[in-house]
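Residue numbers (our numbering), protein chains in the order written: chain F, 10 to 485; chain S, 124 to 305; chain G, 68 to 246; chain R, 168 to 405.
Simulated from the structure, these hints should not be mistaken for lab results.
Don't take each hint at face value.
Below, a list of computed lysine to any residue pairs in the SDA-like style, where the Cα atoms sit at most 25 Å apart [what the hints assert, rightly or not]: (1) F/Lys-216 - G/Val-184; (2) F/Lys-303 - F/Val-217; (3) F/Lys-212 - S/Lys-219; (4) R/Lys-177 - G/Val-184; (5) F/Lys-216 - G/Lys-133; (6) S/Lys-219 - G/Lys-217; (7) R/Lys-177 - R/Glu-339; (8) S/Lys-259 - G/Val-192; (9) F/Lys-210 - S/Val-256; (10) F/Lys-426 - R/Gly-214; (11) F/Lys-426 - R/Phe-383; (12) F/Lys-426 - R/Leu-307; (13) S/Lys-259 - G/Arg-234; (14) R/Lys-372 - R/Gly-207; (15) G/Lys-246 - F/Leu-65; (16) G/Lys-217 - F/Val-217; (17) F/Lys-381 - F/Pro-16; (18) S/Lys-219 - R/Gly-340; (19) F/Lys-210 - S/Ala-298; (20) G/Lys-77 - F/Gln-167; (21) S/Lys-259 - G/Val-83; (22) F/Lys-210 - F/Pro-35; (23) S/Lys-259 - G/Lys-133; (24) G/Lys-246 - R/Glu-229; (25) G/Lys-77 - F/Arg-215; (26) G/Lys-133 - R/Leu-307; (27) G/Lys-133 - R/Asn-211; (28) G/Lys-133 - R/Gly-207; (29) G/Lys-246 - F/Tyr-159; (30) S/Lys-219 - R/Glu-339; (31) F/Lys-471 - S/His-142.
From chain S, some residues computed to sit far from chain G (all C-beta separations above 10 Å) [to be verified]: (32) Lys-135; (33) Thr-136; (34) Phe-176; (35) Arg-179; (36) Pro-183; (37) Pro-213; (38) Ile-214; (39) Arg-284.
Cβ coordinates follow ideal geometry from the N, Cα and C atoms, glycine included.
Each chain, written out:
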Amino acid sequence: MQETTLPAELHERVEELREEHLLLDPRPREEMNRMVLEAMEDVNREYIIVMTILGLVTAVTLFGAWGYLMSKGLGLAGIRRPIYWGLFIVSFVFWIGISHAGTFVSAILRVFKAEFRRPFTRAAELMTTFALAGAGLYPLIHLGRTWRFYWMIPYPNQRWLWPNFRSPLVWDFLAINTYLLGSTMYLFLPLIPDLAMARDKSKGWRKVLYTILSFGWRGTEEEWRHLQKAIQIFAWAIIPVMFSVHTIVSWDFAVAMKLGWHSTIFGPYFIVGAILSGISAVGFILYMIRISVKNMRYFIRPEHFDALGKLLLIISMGWAYFFFNEFLLEWYGGEHTVQEILRYYTTGDMAPVWWTMVICNILIPWLVLWNKNWRRKPWVMALMGIIVNIGMYAERYVIVVGALSRNRIPFDWGWYKPSLVEISIALGTFTLFFFLYGLASRLIPLIPVWEVEEGHHAHGLKRIGKGVVKTVAELE
Amino acid sequence: MYGGYQGRYAPKTFVALYHEPDDAARAIDVLREIGIEDRFIQVQSGVPYRAEFLGRPERPSGVPKYAMVGAFVGFLAALGLYYGTPLLYPIRVGGKPLLAVPPSFIVLFELTMLGMLIATFLGVFVESLLPPVFGKRVYHPEVSDGAIAVFFQVPAHLAERVKQALAATGPSEIAPAEGTFL
Amino acid sequence: MQATSSQVRKAVITVVVLSVLGVLLVAAVGLYRSQQTPPQPLPFNHQVHVQKVGLSCLYCHSNANKGQSAGMPTTQRCIACHQQIEPTTEGERILRQYAENEESIPWVPVAIMPDFVYFSHQVHVNANISCEQCHGEVGQSTIAPSLTKKQNMGWCLACHQNQPQERVARLTSCEACHK
Amino acid sequence: MAEMDPQHTKWVMVIDLDRCNGCGACVTACAMENNVAFTGEEENAYGRGMHWLRIVRYWVGEWPNVQVRFMPMLCQQCSNAPCEPVCPVFATMHSEAQELNIQVYNRCIGTRYCANNCPYIARTFNWFDYEWPEPLNFHLNPDVTVRRRGIMEKCTFCIQRIRAAEEEARMEGRPVRDGEVQPACAQACPTEAIVFGNWQDPNSKVRELAESQRGFRFLEELGTEPKVIYLSSQKHEF
């Protein structure tokens with residue numbers, strides 16, 4: 010920011026750096042506030058049409074189909090003996106995976122002080138919350154008797170019965186609730202100052218809404234001190250929670266006696282897979298925000314896609330390592346049933362899905378992401394988001410459905426075809442996610458303005474010899 | 124504050140608005156030189172500034188204490204649920220002992236973290252006394268535009284002197300303010 | 068600013084008060100309805116039969132020590148006594164009508180066993196558990212009774228756990244009562 | 168008769184594979200006794216049959232010397248059951264006194280985790296509410312719950328018969344006699360391949376048969392400690 014000390018001949022280079030990096034390109038807070046508020050209040054006709062369609066489609070394909078499923082019985086889904094878990098559990102694991110992006114981008118990058126995170130932490134945290142909202146539906150949807158789900162909650166009752174704390178499903182229940190509550194609070198805390206800003210700047214029903222939601226925030230030294238301390242605690246504490254959530258989801262499979270599931274590497278394998286799909290989904294969401302929400306081209310720039318692309322490449326490599334490790338060890342183990350399962354994956358009926366997974370998760374990312382120019386193109390990263398998520402959906406399909414199709418008694422081998430109701434519900438969660446996200450994009454500031462301004466304060470340019478470099482000051 | 128004083132000694136609250144932290148820091152020095160104690164000064168800002176930037180007294184936040192208490196409560200709740208409920212009504216499964224230690228770590232971990240996170244969250248509101256239930260508090264809406272608002276309380280007869288002294292620090296506005304600090 | 072915050076406060080208070088009232092209303096209606104006795108085909112008086120006449124429970128509910136269900140008295144069993152008594156009450160007149168038409172009395176059961184519960188009166192009666200221990204003081208009621216004791220799973224378990232040590236495991240196992 | 172502890176029994180089943188000819192009478196009897204629903208031809212072909220007991224059929228040897236073998240497969244009532252710890256609501260649990268695997272239908276919420284974790288694929292799920300159109304409903308056994316949709320179920324060793332025999336024995340003040348309890352499958356087996364009894368009774372027929380040289384337990388290496396003992400003079404291997 011000390012441009013006065015920079016000589017004129019470096020002007021061009023400085024301009025270049027400004028254009029590249031959001032944090033070197035400060036605009037007055039008022040203008041940023043206005044930009045963010047404009048984005049929120051930009052409820053145009055297109056938006057209303059899209060949201061109406063999304064809402065109606067969700068109501069029919071998700072909730073309508075769910076109601077139909079409940080009224081008739083789970084037989085409407087394509088599951089059968091011995092494939093007792095199907096698309097619902099696949100989708101459940103998938104959405105839990107997506108939900109890891111918010112925490113990863115926000116908490117881990119905050120702990121490691123990765124400055125590029127600043128403008129899109131909230132977009133990622135919103136993803137976490139809504140993906141969890143979608144994921145949380147599946148354990149309910151897939152129950153044979155959804156209306157009895159509350160028996161999993163530990164509460165004193167006339168039956169004198171408690172849930173079985175040995176069951177991985179109860180661990181799931183505890184972990185997902187902890188994560189959902191934790192990540193929602195973690196979304197809300199840094200949002201308070203922005204809501205206070207919105208309160209000061211808006212009128213009508215929005216003013217009432219933000220007055221309630223901002224809890225009378227004023228930005229005093231005390232308030233900031235407590236808020237920052239809390240955010241710090243959250244950032245550190247929510248990381249192990251996030252790791253535990255997907256580990257426990259993987260334990261749903263790994264603790265079972267089922268061959269193809271009983272694997273010691275499933276915990277970290279699932280975590281890396283979750284972050285892989287989550288990070289790539291962030292790329293897709295940022296692209297969507299950039300093209301569809303007003304004023305966002307200033308906040309979300311190629312540098313952010315570049316950074317995400319690098320992360321994605323590393324995580325794709327990590328995923329490939331775990332995948333190879335798992336496959337190789339199972340293969341060398343040489344047990345008959347496992348051999349059959351692996352044959353079923355690679356050359357059997359599951360082969361198209363299995364190879365989709367390999368191509369989408371390893372081949373395509375590795376071929377594309379090494380190139381900086383491609384990484385910097387938002388649409389390329391959006392496409393990567395779709396491709397990697399197709400690959401990750403396929404991975405969960407292979408693990409859940411593939412392993413269940415083969416067991417120790419060949420008489421009981423089976424195949425599985427998702428039914429229309431299942432597919433409809435699975436698609437319905439996607440529309441639900443986009444519907445909620447679209448709603449939130451007009452209700453709360455998508456960009457954490459105060460964090461961006463703080464970033465502006467922290468970043469500067471410094472001349473060294475005949476060049477100019479970026480500097481970062483540690484404010485926190 | 125200045126409780127009981129009437130007339131020309133009655134306290135009055137003012138706000139001085141700045142756009143640069145340097146100016147705000149100088150203003151606070153000026154106020155202190157005049158003899159206004161730190162507790163009669165309150166700073167509001169749109170981004171967090173560390174206390175040392177503005178030369179304000181450093182005070183630790185109480186939030187970590189909430190976190191620790193919350194974690195402890197969560198831990199106790201988990202202990203009670205995991206080890207207590209099987210004793211209330213024992214149900215055997217799979218030939219396993221009623222009280223098994225290894226799976227308890229999972230329950231203990233999750234509920235400890237849940238307790239900690241909830242307590243931290245609530246701690247912010249309790250510690251900063253949000254939402255305002257004790258009446259109106261001083262506030263300047265320009266704070267959300269990045270301005271730094273320095274609120275101070277002075278006895279009425281000193282108000283003019285303080286205002287004049289502050290004029291040198293380049294505030295964009297000095298005005299009377301309404302409400303309590305809290 | 069001032070106006071808005073008071074509006075907000077008003078809105079919040081209204082919502083809270085209304086929802087509390089709503090919950091209370093639902094609870095009150097539920098409580099009231101749960102205390103109603105179902106209408107019976109004739110006003111039967113337990114008190115007269117048990118305290119004045121001195122019948123034992125097994126005289127009418129004669130299957131209680133022989134099988135799972137305690138059984139309701141047949142019309143024949145009622146009329147066996149009542150044909151020797153001049154009908155004075157409304158109930159006795161209705162009883163005669165049933166007897167003349169050779170119909171059984173369509174009693175409305177008060178204690179309904181869910182179909183997933185296995186319960187045998189025989190076992191409990193033979194273990195010397197008095198009827199009142201589970202059914203309460205039915206013998207003192209003057210109308211066809213409502214459930215005087217809340218019978219739910221915890222209530223069953225309270226007794227089953229309170230047994231000689233060597234039998235508790237068997238008595239508290241799920242399959243002891245669930246089928 | 169030796170002293171037996173009436174508070175503790177261990178019910179076991181012996182299935183003599185050398186005697187089994189795969190007729191399927193046990194499957195039918197089981198369905199009749201336990202109100203097992205008929206799912207219809209189409210559903211059954213899709214793998215939605217509700218049999219608690221099914222005849223696993225497989226071939227041994229190379230063409231033309233192919234032999235067909237049958238193996239009645241049912242819940243093995245494992246002492247160390249993989250299905251039990253995974254149920255979140257204790258719908259499947261272990262009866263300590265009778266050493267049986269219990270499925271409490273009205274507690275089940277239908278996670279189907281137990282079925283995935285069963286190496287014997289012995290559990291079946293109520294995909295729909297099945298109907299017994301008149302006059303089929305007259306065969307329904309009042310001692311067994313009619314399950315509704317979304318519930319997991321499995322072989323119970325005909326617990327209603329065990330309970331009835333135990334109650335009768337208790338009223339008469341004696342232990343249950345060997346052979347007094349017979350599950351429907353054992354009762355229906357024309358070749359008497361299925362024998363049922365109390366392991367705690369040293370003179371019982373099951374005890375005698377189970378100790379024969381031909382005895383083995385299916386997938387014993389998994390450590391599930393099944394309580395169904397198969398007898399075969401040939402090697403059974405998949």
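*Is the Cα-Cα distance between G/Lys-133 and R/Gly-207 25 Å or less?*
violated (40 Å)
*Would you mind confirming whether the straight-line C-alpha gap from F/Lys-303 to F/Val-217 stays at or under 25 Å?*
With Cα atoms ~24 Å apart, F/Lys-303 and F/Val-217 stay inside 25 Å; holds.
*Given the hint that F/Lys-426 pairs with R/Leu-307, does the C-alpha gap stay at or below 25 Å?*
Status violated; Cα separation ~33 Å.
*Run the C-beta distances from S/Arg-179 to all of chain G and say if the shortest one exceeds 10 Å.*
Holds: least Cβ distance 27 Å, greater than 10 Å.
*For the pair we were handed, F/Lys-210 and S/Val-256, check the Cα-Cα distance against 25 Å.*
The given pair, whose Cα atoms are some 23 Å apart, holds under the 25 Å limit.
_Given the hinted pair F/Lys-216 and G/Lys-133, is their Cα-Cα distance within 25 Å?_
violated (74 Å)
*Verify that the Cβ of S/Pro-183 lies farther than 10 Å from every Cβ atom of chain G, and report whether the claim holds or is violated.*
Holds, since 31 Å exceeds 10 Å.
*asked:* Holds or violated: G/Lys-246 and F/Leu-65, Cα atoms, limit 25 Å.
replied: violated (44 Å)
*Within 25 Å, alpha carbon to alpha carbon, are G/Lys-217 and F/Val-217?*
violated (48 Å)
*asked:* Check whether the Cα positions of S/Lys-259 and G/Lys-133 lie no farther apart than 25 Å.
replied: Not OK: S/Lys-259 and G/Lys-133 at ~77 Å, beyond 25 Å, violated.
*asked:* Can you confirm whether the C-alpha distance between F/Lys-471 and S/His-142 stays at or below 25 Å?
replied: holds (24 Å)
*Decide, holds or violated, for the assertion that all CB atoms of chain G are farther than 10 Å from the CB of S/Phe-176.*
The assertion about S/Phe-176 holds, with a minimum of 29 Å to chain G.
Checked against the numbered hints given earlier, this structure breaks hints 1, 3, 5, 6, 8, 11, 12, 13, 14, 15, 16, 17, 18, 20, 23, 24, 27, 28, 30, 37, 38; the rest are met.
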